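Asker: The chain contents come next:
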Amino acid sequence: MNPSDAQRPRELACDEVVPLLPMVADGAIEPAADTPLFEHLARCTDCQDHLARLDLVTLALEQGHSLAPTTPRALRFRLPLPFAAAAAGLAVTAVWLGFAPSETSATALPVTQVFQVPGSNAKHPVYVVISGGQATVVDPAADGAAGAERPAQVQAVGNKLIQ
Amino acid sequence: MTTTALIGDLAALAGIGADGNAMALLTREEGALRRVIQRYVRDASTVDDLYQEVSLKVLRRIDSVREPAALRGWLFQLARNACLDYLRREDRRQAGASDVLGDRPALGDLGRNPGEQFLSRERISAVQRALERLPESQREVIRLRIEEGLDHEAIAARLHISRQAVEVRLCRGRATLKDQLDEILGGEL
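Protein chains in written order, with my numbering: chain A, 1 to 163; chain Z, 1 to 189.
The hints are simulated quantities; they were obtained by calculation from the structure and are not laboratory data.
Since the structure is predicted, the reported quantities are computational estimates derived from the model, not experimental observations.
Do not take every clue at face value.
Which stretches of chain Z does chain A cover? Using the computed rule of at least three CB atoms under 8 Å from a CB of chain A, they are [to be verified]:
#	segment
1	33 to 43
2	69 to 80
3	153 to 164
Selected chain Z positions facing chain A (in silico; Cβ < 10 Å) [what the hints assert, rightly or not]:
#	residue
4	M23
5	L25
6	T27
7	E29
8	V65
9	R66
10	C83
11	R88
12	R123
13	E167
14	C171
15	G173
16	R174
17	A175
18	L177
19	Q180
Positions of the beta carbon are idealized from the N, C-alpha and C atoms, including for glycine.
Just chain A, with the same shape it has in the complex (with noise of 0.2 Å):
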């Protein structure tokens, strides 16, 4: 063997590379960590493309989670001092009334209520949302976008309960 060869990393092929590849893209993996790897990476065209897409996947990952949308707000706040107590009145009735889930009853309740706060108004309805046990009260259109969208899904509800 050449001395000069001794010294020359083993070239990768392609298929020894590519399940390496997530590695690389979720930075387990860097250049002085694995010399040959980062070698056949800055020549070989297929297995950079294959490490972009994987790029991509983080990026969108990444993007995703920031532009989930948030859950809206539960307006201890910011809902008007009536609106509050009707709302508590019945989220506290729904409750009494055996719609939280109970250990001998869990199974045959139904998954989420929504109900329309009595008093609040078609332009600016307000929503009691009961789920796993939880009376939330809700204003769609208090958290500006996000919320903007949510009125569709709940105003169908009107002041009755939901399965």
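Given the structure of chain A, go ahead and fit chain Z onto it with the hints provided.
Answerer: Frame of chain A, contents of chain Z only:
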């Protein structure tokens, strides 16, 4: 003015010593570096900006490369990191703009590269939908890695599994998401 001469002038302005070997390396590798950048960014002026950014980093840091065989891989990673940093900066910049405008575009929908569409809302949604279809074990490690930024050791501790198991799940999950994205993109990136 050639690109190499421009890089030399920029380096001088930045007070970076541009030795002949580094400049020769940049001249030789310019095409390869630009091709790497073009995999992530299509707008020509942004490619130029990123190439210049990478070149200045090469001139600043070339002494840190101890092993000649590692040089090309190091250049590749420098270019790739510059692109990913740029795309993340764009995301944050657009997120900041949306605080004023009231809506948030996906990267590529607005901003400097309006036609680029590297990460359109459609693609982000497709990846998110594919994520939801992953097995729970893979989805959870990806969520902890991306959303909480945990390293592999921390994920292993949180889930009471080995580090090796974390890495297997991450690899499989990322590979599956990439395959599903391939189906959507076809030959286009």
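Asker: The hint names Z:R66 as touching chain A; please verify it with the least Cβ-Cβ distance against 10 Å.
Answerer: With a minimum Cβ separation of about 9 Å from chain A (threshold 10 Å), the hint on Z:R66 holds.
Asker: Per the CB criterion, is Z:C83 less than 10 Å away from chain A?
Answerer: Where the cut-off is 10 Å and the nearest Cβ of chain A is about 8 Å from Z:C83, the hint holds.
Asker: Cut-off 8 Å, C-beta pairs, minimum 3 residues; does the coverage of the segment 69 to 80 of chain Z by chain A stand?
Answerer: holds (count 9)
Asker: Can we keep the Z:R123 interface hint, with Cβ of chain A closer than 10 Å?
Answerer: holds, 6 Å
Asker: Please check whether Z:L177 passes as an interface residue: C-beta within 10 Å of a C-beta belonging to chain A.
Answerer: holds, 5 Å
Asker: Using 10 Å as the Cβ threshold, decide whether Z:R88 counts as touching chain A.
Answerer: For Z:R88, the interface hint holds, since the closest Cβ of chain A sits about 7 Å away, which is under 10 Å.
Asker: Classify the hint on Z:L25 as holds or violated, based on whether any CB of chain A lies nearer than 10 Å to its CB.
Answerer: violated, 12 Å
Asker: Does the CB of Z:M23 sit less than 10 Å away from some CB of chain A?
Answerer: Where the cut-off is 10 Å and the nearest Cβ of chain A is about 19 Å from Z:M23, the hint is violated.
Asker: For the restraint on Z:E29, tell me whether the closest CB of chain A is nearer than 10 Å.
Answerer: Hint holds; Z:E29 Cβ to chain A Cβ min 9 Å, cut 10 Å.
Asker: Does the interface hint hold: is Z:A175 within less than 10 Å of chain A, judged Cβ to Cβ?
Answerer: holds, 5 Å
Asker: Take the shortest C-beta to C-beta distance between Z:G173 and chain A; is it under 10 Å?
Answerer: holds, 8 Å
Asker: Would you check whether Z:R174 satisfies its interface hint, that is, whether its CB is within less than 10 Å of any CB in chain A?
Answerer: holds, 4 Å
In summary, the structure is inconsistent with hints 3, 4, 5 and 6 from the numbered list given earlier, while agreeing with the others.
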